[in-house]
Each structure stands twice: as structure tokens, then as C-alpha cells.
Amino acid sequence: MSNLKENKKNNIIENALKLFAQKGFYNTTIPDIAKAMKMSVGNMYNYFASKEELAKFAIKYSTNILADELREVNNMEISSKEKIYIFVRKYLENVQKSPEVIEYFLRVYLSNREVFKQGCEGFLCVGEFVTEVMILLDDGAQKKEFREQEFFPAFGMIMGSLGGFAFLSGENVLDKDLLSYSDAVADNIYRALKYDE
Amino acid sequence: MNEKKPTVVWFSAITCNGNTHSLLSSNSSKFELFLKNFDFIYHGSLTIDKSLEDIIKNQEQIDFLLVEGAISSNQKFFTTSNDSTKNILEKLVQKSKYLIAVGSCASFGGIHAKFTQNDDVCGLKDAIEEENKKKLKHPIINLSGCPVHPEWIFQTLFSLKNFKEISLDDEGRPKELYGTLAHHGCTRNEYFEWKIEGNFGQKEGCLFYNQGCRAPMTHSSCNKILWNDINSKTRAGMPCIGCTEVDFPRNNMLETKKNMGIPLEVPLGISKRAYLSISGVAKTFKIDRLHKKLME
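Same order as they appear, the protein sequences are chains U and E. In this text, residue positions in the first sequence follow our numbering: the first is 1, and each later residue adds one. In this text, residue positions in the second sequence follow our numbering: the first is 1, and each later residue adds one.
Isolated chain U, as found in the complex (with noise of 0.2 Å):
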């Protein structure tokens, strides 16, 4: 695909981020996309077949930006501990900067699972973001720096604290600055997982 191609898709799942976010699936419908994206319908077509099409590739994009942004922590030679702190940090910015990314997670991933029920299934959409987890877990694991666990309870433990801060932020209920409590919200995560002799 060309690279113009390639920039336009991603625009148009941006703008139905946003939308999708706001007004939920169901709500959201593809002149509605094309009216934000200033196109014709039917030159919306060309980039993706169907409004359930565009839905699955919007939760791959948007995980994929998360994924990226802990592969670049994973690789860091700094201990497991400060990994986390930055990656808590990463993920509330960008709650702060895309709040549509996450809003997008929770209101229409979390909620319509039948629109991710064929082609989604499993981590199919999620899962380069669910492996960067994992090496974060299996290399803290490996040096002793996290205590040894099942996988699941230690992926929901943290994926568990951050969408739960990412829904209270979106509500508006957060008395502070989302940024300030960082470093609160990584140290409950490390805590959670710190290797104990």
C-alpha cells in the first residue's frame, strides 16, 4: 500500500476513534465518519468494507501505539522497577493526550464484543500489546525482580489499574492532575509485583 494510501486509513480510524468513543458504536455511522473526514461515503468504502471492518482495525491501531511505547521501555537496560514507573507514565500521557484511545478500549472493545467476536478473536487485534507485557513480566521474572506468578493475574493486575485510572480520568472525578499520580498508580503496580525473598 502506498504510503498516502496508508496515512488516509489512518486518519479515517483516528476520526472514527474519536467518534466511536463519544457517541459508541451503534451511534457512530459511517457518514458520520465521512462527514468529520470532510469525504464522500463512498470514498470511504475504498478504505474499509465495512463500519465492523474499520472497528477492528481502530483497536489495532490504537494498541499498537501502546505497544510501541513499551517495546521501546522493554529495551531500556534500567531494572524492571523503573520500567514500570515509566510505562505508567507513557500510558496516563497518552490518557491525557488521545483520551479517544482509551475511551475507544473501554466503551466499544470492552462493551460490543460481538462487533470483535470474528477476526479479533482472543489477542488476535491486541496482541503485540499483550507480548510486549508478557517480556516485561518474563524479563523481571527471569532476574528476580518480580516474583514468580501466573501470567494472567499479573497482565490483569496491571492492565486492571491502568484502564481502571484511564475510566476514573474520563469521568472526571480525579480531584488532581492525571500525570500527578503516576508514580502513585506504578508504585501500587510494583508492589503488586515485586519479587519478596
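It is possible that part of the hints are untrue.
For lysine-lysine, the following BS3-like pairs were computed, each having C-alpha atoms within a straight-line distance of at most 27 Å [as the list claims (entries may be wrong)]:
| # | chain 1 | residue 1 | chain 2 | residue 2 |
| --- | --- | --- | --- | --- |
| 1 | U | Lys194 | E | Lys258 |
| 2 | E | Lys257 | U | Lys194 |
| 3 | E | Lys195 | U | Lys56 |
| 4 | U | Lys117 | E | Lys283 |
| 5 | E | Lys36 | E | Lys5 |
| 6 | E | Lys286 | U | Lys117 |
| 7 | E | Lys272 | U | Lys194 |
| 8 | U | Lys81 | E | Lys272 |
| 9 | E | Lys114 | U | Lys144 |
| 10 | U | Lys60 | E | Lys283 |
| 11 | U | Lys144 | E | Lys257 |
| 12 | U | Lys56 | E | Lys286 |
| 13 | U | Lys144 | E | Lys258 |
| 14 | E | Lys97 | E | Lys36 |
| 15 | U | Lys143 | E | Lys114 |
Read the hints as simulated data drawn from the structure, not as lab findings.
Fit chain E to the supplied structure of chain U, relying on the hints for placement.
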């Protein structure tokens, strides 16, 4: 066929004789073929009219010296024929053209090298003086395995008899026999592909995920040259324990070492990140056929 048959001497050093058992369990027609083509002049466990002393004193050259078991110079630890295995080996090597380590103990020291009471137990390569190694016609050949497959011994001997040399990998093992992994030819490969776990002793499922199977990182032809012509460990439901590799035996060989549920080691030649990524995708698919018993 008046040509003189090459002589074969089998020296048993520090060993459980597992490789001897393996040799004697070989396919009988192959064993006959071996005896027809080679002059098997000495084996300590077989009825043969020569003693080890006769062999050492005899002026005659040994074409193929096969050594089973690890080597030590410590006579308090182990002696045979009133001498250390290292001394006997040095004497035999000086008369030999080809030196073949039969089994993992002779190749790399094996289980005996794990004894903490004696730290000079080793495989042939480390036991022999450099100048004596130079007298050999060929670099030392390691036929690792616990035990080694009898056919690997025959194939190596016939190749050397006919072609005088054999191509070896970095560990001194014949590439022809150790160039591929035990995983090749495993009848459970489809379970491996779709990440379906199996249990010890059962026909279904892959033994890599929980049972410690090392087939995807072990150089061996166990699943191509079958044992007793019909079977292999993995076919019978026993995980590969990596017995042809330098680090054998390891601890907890029937367990897959994991961190946070993620395998510590992944198949040879793939990065952990890539492996985890494709595993996650493969696990997504539930193939009913592979979750059923093969025979109800």
C-alpha cells in the same frame, strides 16, 4: 572382498553400559551387516578371546576406537584393568586412526561430570592430550545421546569406512545425524503449532508447554531414525529430555521452566518476542479435532 576388514575396539570407561545395551538392541540385520564389514575385535561385555591388555600390548593398529563413558585420571574415583580410564584411553588413542565418543558421557562428561566429589571427570575431547589428538586421522567424533541410537553408530562407521571423513557440527557431532532437531518428524507437531498442551504418556497434545520437552531445541534424529524401527520418546508420550546436547543432564527435566507462565526457553532460532506473538495468535484458534482423543 579380500580386503582386510577395519578393526573396531570398544572401550568402556565410566559408564552405566547403556550404550552397549543400545548397540545390542539394534536391528539384527544391521548388526549382522556391521559384523560382516568390520572386525569387532574387542568389547569388555562380550565374549571375545582378547583382553584389554592384549589390545594395548598388540602392535596392531586400531581403525575405529569407540569409547563409552566419561574419563577421569583420578584412580581413587574409578579404575578399570587396574588403571585410570585416562591412562588406558591415552594408550589406546596412540594406536587408533579414528576416535568415536559413544553416548553423552564420552562426548561431554554426562552425568558423571556432575559429581562434585571429583572435578576431573570429562568427555574425550577434554581428556586427551593435544599431541595425541594430532595423531588421529580425523577430529574426534561425538555421537551424543543417552543412549546413542545404534544406527547412528553404524551409519558413522560405514560413512568413515567408505568416505574416510565425515562432516561435523560445532560440538563434533556428525551433521548428517544431528543437523536437524528432534522436533522434526515428531508426530505431535500439529499440537505444537496450535499450542495444545499434552500430558505425559498420552498420544495427544504437545509436551513442550508443560512436560519439559526439548525437541524444538535439541539436535538429534530420534524422530527420523526411529528406535526399534518403530518409535521415539515423543511418540510414546515421553518428552524429549535433550540428551544429545552438551548441557545434558539438566535439573527437573520433565518440567518446562517458566517465568510468569512464559517458557524460559523458546524454539531454536526465534526471538522470544516473535515466539510469544505467534503463540498468542495460534492459541486463539480452537480446532475441535485437536481437542479430542485420537481413539475414544
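Now for the hints, and whether the structure bears them out:
no. : hint                 : verdict
1   : U:Lys194 to E:Lys258 : 17 Å, holds
2   : E:Lys257 to U:Lys194 : 20 Å, holds
3   : E:Lys195 to U:Lys56  : 24 Å, holds
4   : U:Lys117 to E:Lys283 : 15 Å, holds
5   : E:Lys36 to E:Lys5    : 8 Å, holds
6   : E:Lys286 to U:Lys117 : 13 Å, holds
7   : E:Lys272 to U:Lys194 : 22 Å, holds
8   : U:Lys81 to E:Lys272  : 21 Å, holds
9   : E:Lys114 to U:Lys144 : 26 Å, holds
10  : U:Lys60 to E:Lys283  : 18 Å, holds
11  : U:Lys144 to E:Lys257 : 14 Å, holds
12  : U:Lys56 to E:Lys286  : 20 Å, holds
13  : U:Lys144 to E:Lys258 : 13 Å, holds
14  : E:Lys97 to E:Lys36   : 20 Å, holds
15  : U:Lys143 to E:Lys114 : 25 Å, holds
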